[in-house]
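A.B. asks: Sequence:
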Amino acid sequence: MTVQDNPLQNFNISAFQNDLLTWYYTNKRDLPWRQDQDPYKVWVSEIMLQQTKVDTVIPYFNNFIEKFPTVYDLAAAEEQAVLKAWEGLGYYSRARNLQHAVREVVENYGGTVPDDSKQLEGLKGIGSYTKGAILSIAYNQPEPAVDGNVMRVFSRVLNIDDDIALPKTKKLFESVTGEVISHEDPSSFNQAIMDLGATICTPKSPACLVCPVQEHCEAFKLGIEQQLPIKTKAKKNKKMPYAVLLLRNEEGKVAIEQRPEEGLLANLWQFPMVPLQELEMELLENWFYAHYGVRVKLGKKQGEFKHVFSHLTWELGIYPAVLMEQAEQVTSLTFVDEAELGNYPFPVSHQKMMQFL
DNA sequence: AAGTCGGGGGG
DNA sequence: CCCCCAGACTT
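Those letters in the first sequence? Residues 1 to 357, by the UniProt record's numbering.
Be aware that a few hints might be false.
[Claimed, not checked] Quick list of simulated restraints, FRET-style, between CB atoms:
#  : residue 1 : residue 2 : range
1  : Thr232    : Gly88     : 39 to 49 Å
2  : Asn343    : Val210    : 46 to 56 Å
3  : Lys301    : Ile230    : 23 to 33 Å
4  : Trp287    : Ile230    : 43 to 53 Å
5  : Gly111    : Ile58     : 21 to 31 Å
6  : Gln51     : Gln119    : 22 to 32 Å
7  : Arg295    : Ser205    : 13 to 23 Å
8  : Thr56     : Val210    : 34 to 44 Å
9  : Asp36     : Thr331    : 42 to 52 Å
10 : Gly252    : Ala207    : 23 to 33 Å
Everything labelled a hint here was simulated from the structure, so no lab data went into it. Everything numeric in this text was worked out from a predicted model, so none of it was measured. Idealized CB from N, CA, C, for every residue including glycine.
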């Protein structure tokens, strides 16, 4: 797609809008965040839905809104309670950024979610997609909300073969969507494209035969819908070996620690982990003393498994361990009863650990 | 433009 | 096993 090409030449915008919206009005999915247009609920749903499927989000959304029904409830909550409500959903910075932004809304905007593009952009965790989604879905403004669905649908409909992994391509689709979006019902238009992408114009084996906009689709006309969109990217997944210690003190309590406030799984809790790269197993107890300031005695390995993230894989060996001294010294470890573990937000990888206790 | 940041499900 | 998913943020 070169600059002088116009992907919308010979494209019947109003007919496309009509066919899409007519389909949507009778086929739209009944989703909990579609009960009303409460901007706060739209916001929460859009954050949860980033890189996350609808079926996964539904129970989290219902629980989250039950616990934090308004911006004021979320603003006043403990961060640990917010993370607990997010536990298992992944991308935990979404939860922390959401609460941070909600507090800004309470303090700076009187508790009303802004309906202004610039103000929304300034809120943590709200990027170009989420901004457009809130403006269109909650406030009915004709703003594009370009996500993976939108790029897939329009790459096929308009036969656009630019690499959707590139930032500049997203801008192209924002420009295109801004011209195609319905001004009569922008909220339904954006949601209709997403429903279409999720149920019909799917990544593999799209259901073109029942597609409401088939007659507008250039890729279908050419029989190349399976080859679009173009997406490059193949990142390596680095392996990271660790020993995880199920460490008990003299009272039988289990050691856990909170992860750093930055980086992977920030502020979540875990059983202590010892990185094994370049570290002999015999030195593990010494490493633990140097790092945590307490002497421990390891038992023999109870099990092992892998946990895969987007960009790395944890290879986890699980070891029982006992404390060899009173933990009076300064240490980052917290000793809790097994029954209390449920009060702390754990990543899924460490939830899996608990079966070995 | 490339890396970081989770976890699940589908083919 | 690979890919993808209602992306944002940092460098």
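A.B. asks: Take the hints in turn and mark each one as holding or not.
C.D. replies: Verification of the hints:
Hint check: threonine 232 to glycine 88, Cβ distance near 31 Å, so the stated range 39 to 49 Å is violated. At roughly 48 Å, the beta carbons of asparagine 343 and valine 210 sit within the given window of 46 to 56 Å. As the Cβ distance of lysine 301 to isoleucine 230 is approximately 46 Å, the hint placing it in 23 to 33 Å is violated. Range check, tryptophan 287 to isoleucine 230: Cβ separation about 47 Å, and the 43 to 53 Å hint holds.
Distance hint for glycine 111 and isoleucine 58: a CB-CB separation of about 26 Å, consistent with the stated range 21 to 31 Å. For the pair glutamine 51 and glutamine 119, the beta carbons lie near 25 Å from each other, so the given range of 22 to 32 Å is met. Checked against the hint of 13 to 23 Å, the pair arginine 295 and serine 205 fails, with Cβ atoms roughly 58 Å apart. Between threonine 56 and valine 210 the beta carbons are some 25 Å apart, a value that contradicts the proposed interval 34 to 44 Å.
In this structure the supplied range 42 to 52 Å holds for aspartate 36 paired with threonine 331, their Cβ-Cβ distance being about 49 Å. At about 56 Å, the beta-carbon gap between glycine 252 and alanine 207 misses the expected band of 23 to 33 Å.
Taken one by one, the earlier hints fail for this structure at numbers 1, 3, 7, 8 and 10, listed in ascending order.
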